[in-house]
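Go by the hints and put chain B onto chain A.
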Amino acid sequence: MDFLEITNLNISYPTRRLLVAAVQDVSFSVKKGEILGLVGESGSGKSTIGRAILGLLDEPGKIEGGSIQLENLNLADPATEVSAFRGKRIGLIFQDPQTSLNPVMTVGEQLLETIQTHLQIDTGDARKRAIELLDDVGIIDAKTRFDDYPHQFSGGMRQRVVIALALCADPDILIADEPTTALDVSIQSQILALLQRLRADRNLAVILITHDMAVISEIADRVVVLKDGRVVEMGSPAAVLGNPSQTYTKRLVSSVPPTDRRIDRFPIMNSDQGSATDQNLKILNRWQLQENTGASLVRVKSLSKSFSDESLMRITAKEPVHAVRDVSFEIREGESFGLVGESGSGKSTIAKMIVKLIEPTSGLIFFEQDDITTLEGPALLAFRRKIQMVFQDPYSSLNGRMKIKNIIAEPILHHNSQLGQMDIDHYVDDLLAAVDLAASSRDRYPHEFSGGQRQRISIARALATQPKLLVCDEPTSALDVSIQAQILNLLKDLQEKLGLTILFISHDLPVVRQMCDRIAVLRDGAVCEIANAERLFDAPTHNYSRHLLNSMPKFQP
Amino acid sequence: MFSYFLKRIVQSVGVMLCVALLSFSLFNFVGDPINNMVGEETSTEERAELRKTLGLNDPIHIQFGRFVANAVQFNFGKSYQLRRPVSELIAERMPATLELVIASSILALGFGVFLGVYTGINRTGILSNFILFVSLAGVSLPTFVIGILLIYIFAVILGILPSFGRGEVVQIGFWSTGLLTASGLKALILPSLTLSLFQMTYIIRLVRAEIVEILQTDYIKFARARGISNHSVYFGHALRNSLIPVVTIAGINIGTLVAFSIITETVFQWPGMGFLFIQAVKFVDIPIMSAYLVFIALVFVAINFIVDILYFLIDPRLRTKNENQDG
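Note that the protein sequences, when read in sequence, are chains A and B.
Numbered per our numbering, the first sequence finishes at 557, counting up by one with no gaps.
Numbered per our numbering, the second sequence finishes at 1327, counting up by one with no gaps.
One chain only, chain A, in its complex shape (with noise of 0.2 Å):
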C-alpha cells in the first residue's frame, strides 16, 4: 500500500438549487519521495482534493463517501481527529504568498506559534528550531529576519517562508497548491528547485496541484489529470503528456504554447463554434484598410517615467521610483511588438504611457506623426480612436452594472456620435460575431460570462473604434489554457483581417513567443535587448534574456 490512498473519493456543494459534484469517484496514490502533479483547468476540483486531504473544504463542501487513508488514518472520516494530521504529518502551502501570512505577526511568531502547537520544546528550542527552518528553506541571515514582518521580504522570500511553515512539524506529505503561480520565472525556478532538494532531503511526499503543464513536465514523478472533478488520465509525465491516450489531454496538451519552435494557430479539437477566419467579417465593411507598409506606427525615443510621492506635506525627501529609464523603441506597421519581463520592469508603465493614461517624465512618443505628449482637443480623440487597450483581468475591466451591447457600444458613439441607433445595434452585432460571441449575448450582463468570453467581450469593446493599434496587457494570464488558446487564436485572425498592429505585454515567455515578431526584454525599467522573436529565443544576446529563458520551465511532453 502506497503512503497516502485515495480510493473512490466523492464531494459535493449543496446549493439552494441543485447539488454540485465537484469531485467524482477520484482514486490516487502518493508515495513518500514522490511529486505527484494534480493537473487541470478551473473548476477541475483539484485544488478541492487538496483542501479535503487537510479536512478543510469550504462551507457547504462535503465528502459524500470514499476514503483518504494515510497510513492507519481514514482522514475522510470526521471521527478523525484534524490535530492528528493538520500540519503535523500534512503540510500545505498556498498560491500566493502576499496574502497567505498575517502582515501584523512577525515570520518568527508565526513560526513558534507553530512549531509550539504541535512540538512539546520550550521557547528557546523552539527559536532554534524556526531560525533552522528558515535557513534550510533559503532564507539569508535568517536570525535577523527571524523578527521581520512578512511586507518586508519579497514574494519569493514569502512563498520560502510560507514552505518553512508548513514544515514546522516536519510532515510527511507537503500539499503544494499552485505555489508558483503567483511568482515570477526566475523566482519559481528557485522555488520548484527548493521544492525538489526538500522532497529528496526529507523524503516528502509532495501533491503539487497546478494549471501549469510545464511546471508539471519538469518537476513530476508521475501526473493525474483531472476534468470537471473525474480523473482523465494518470501515469508517467512523459507518458500522459507526451502522448496522451484521451481527447480532453490531447486537447489540453496541444493548447500549451510550445517554447521551442513557433506554430501558426493553437489546433483547437473540439471547437464547435466556426472561428472568425471562416466567415465573413462583416466589421470589415466599415473598416478603412490600408495597406500596412512596414513604417514605424508608435517611435519611443528615451523614455522615461518616475514616480514619487508628491504630497503636499511631505516634510523628508523620498528617493523617486524609476519605474522606466531611458527607454527606445519602435513598432512597425502591422507587426506584434512584445515587450517581455518579470514585475517590476516598467512593461505596463510603458503603456500606460503610450496609450497616453499617464504622463511620462521625460522623452518622446510619437504615434504616426504627432508627438503624443503635445496633442489636446480633436486631435488627441482622433489619437484615442486609433489606439485602443485590453486589459488583463476580464473580471474588473468590463463595468458590471451595463449590459454587453451597452459597452460595446459606448466608444462607438463617444467617437462617432452621428450614427444613429440601428446602425449602431448593427455594428455592436457585427462586433459580437468578430470575436465569436452569440448576438444573444448583447442583453446580458458581464457575470454571466466566463473568464475567456468577457476577455472577448473587451476585445470587441477596443475594436469598436477601428484601432491601428491594440495594447494587450497580459491579455490572457488570468485564463486557462485552453482558453488562452482560443484567445490567442483569435488575436491573430483579427490582426491578419483587419491589419491591425499588436502591442503584446507579458510576462509568459511561451505565450509571447507565439505572439510576437519583435520582442523588447526590459528589467528594471531599462531595455536588455530588442530582437525578432526567433533569434530572441533561440540565440539571446544579453545575459539577463538567457537567464530568463534559463528559468522558464521547458514544456517537453
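Derived from the structure by calculation, the hints contain no laboratory data.
Every residue gets a Cβ at the ideal spot worked out from N, C-alpha and C, and that includes glycine.
Do not take every clue at face value.
Covered, in the sense of this in silico footprint (three residues per stretch, anywhere, with C-beta under 8 Å from a C-beta of chain B), are these stretches of chain A [stated by the list, open to error]:
{"no.": "1", "region": "114 to 128"}
{"no.": "2", "region": "157 to 170"}
Quick partial rundown of chain A residues pointing at chain B, CB under 8 Å, derived from the structure [unchecked claim]:
{"no.": "3", "residue": "S83"}
{"no.": "4", "residue": "G87"}
{"no.": "5", "residue": "F94"}
{"no.": "6", "residue": "T99"}
{"no.": "7", "residue": "V104"}
In silico PhoX-like cross-links for lysine-lysine, where the CA-CA straight-line distance does not exceed 25 Å [what the hints assert, rightly or not]:
{"no.": "8", "chain 1": "A", "residue 1": "K405", "chain 2": "A", "residue 2": "K386"}
{"no.": "9", "chain 1": "A", "residue 1": "K88", "chain 2": "B", "residue 2": "K1221"}
{"no.": "10", "chain 1": "B", "residue 1": "K1221", "chain 2": "A", "residue 2": "K62"}
{"no.": "11", "chain 1": "A", "residue 1": "K143", "chain 2": "A", "residue 2": "K128"}
Same frame as chain A, but now just chain B:
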C-alpha cells in the same frame, strides 16, 4: 516615523486654528458683545470706553491673535450669565462628563468587541441572531428614547437605580469623582449605559463584519492548515487584524461621545459640560459656547492623534513604510 508625527502635529495645529477662528467669530459677530455684557442703562460714552478697554476697536487680526493667545491659556473670559470665568466653570463640569464618557467607552469597547467576535465566529447561532437583532434596535433608537426607557424601567418601576444626578461625589484636588461612593457608581450606570448603547451596537456590527471577512482570507486558511487551534486563530490572528478599522471608528466615536453626551446629560440631569452648554445656549452665553467649541475640537484632534499612534502599534506595515523594503 518621526516626520509622520511632526506632520500630524502641524495638521492638528492647523485644525485647532480653524476652530479658534470659528469660535472667535461666534464671539464677535453673533450680536454685539458689548450689548451682551452691559445693561440697558449704560450710556453711549461708557459703551465706547468699554469697547476701547476690551480692545474691540483693534483690527480683526490683532483681536484674533489675542483670542488665540488667551485660548492657549484656557482663558475665555467670563460667562455672561453666571459672572464667573468660563475656564473655572468648565473645569468644574469636566470630571462629570469625562467619567461618564470613559465609563461608556469601556462598556462600548468591551462588550462591542467581545460580542462582535462572538457573532462573527458563530454566524448562524440563535444567540448571535438575538444579539444582532438587539444591536439593530440599539443602532436605530435615539439616545433620549433609550434613556427615558431605562429610567422608566429601573428608576420608576423597579426603583433600584437613581433617575438623575451624580449621587455623592468625593473631591480629590480639583477633580470631583463619583467613582468612590456607592451612590455615585449607581448613578453612573444608567447614563453610561444609555450613552454607550449606540457605540456598542455599532462596534458589534463592525467587528463582526471584519471577523467574517478576515476568516475568509488566505492567512487564516493557512493558519488552520498548519494546525493552529481555533482559539488562537480567532483571538490571535483574526482579532488583531480586525482591530485596525475598529480603532479608527472607536477613536472618532469617543470624540462624539464627549460631544453628544449633551443629550444623555440632559435626560439624566447629569451636571457635566453638555448640560452646561445647553444652559449656555438658552441664555446666549457666548463665552461658554465658544470655549466649549474649542474644547470639543481639542478632544477630537487629540483622539485622532492617539488613533494614528495606535495604527503604528497595531499595523507593522505602517511602521516600516518609510524604511527600506525588499519587496
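Evaluated hints:
Only when three residues or more bring their CB closer than 8 Å to a CB of chain B does the claim for the region 114 to 128 of chain A stand; here the count is 3, and the claim holds. Three residues within the 8 Å Cβ limit are the bar, and the region 157 to 170 of chain A against chain B gives 7, so the coverage statement holds. With a cut of 8 Å, the hint placing A:S83 at the interface with chain B holds, because the nearest CB-to-CB distance is about 6 Å. With its C-beta approaching chain B no nearer than about 3 Å, A:G87 sits inside the 8 Å limit, and its interface hint holds.
Hint status for A:F94: holds, given a least beta-carbon distance of 5 Å to chain B, under 8 Å. About 4 Å separates the beta-carbon of A:T99 from the nearest beta-carbon of chain B, less than 8 Å, and the hint is met. Proximity of A:V104 to chain B holds as hinted, the smallest CB-CB distance being about 5 Å (cut-off 8 Å). For the hint linking A:K405 to A:K386, the alpha-carbon distance of about 21 Å falls within 25 Å, and the restraint holds.
Distance check on the hinted pair: A:K88 and B:K1221 sit about 15 Å apart at the alpha-carbon level, within 25 Å; holds. About 17 Å separates the Cα atoms of B:K1221 and A:K62, which keeps this hinted pair within 25 Å; it holds. A distance of roughly 9 Å separates the Cα atoms of A:K143 and A:K128; the hinted pair therefore holds under the 25 Å criterion.
The structure is consistent with each of the numbered hints, conforming to all of them.
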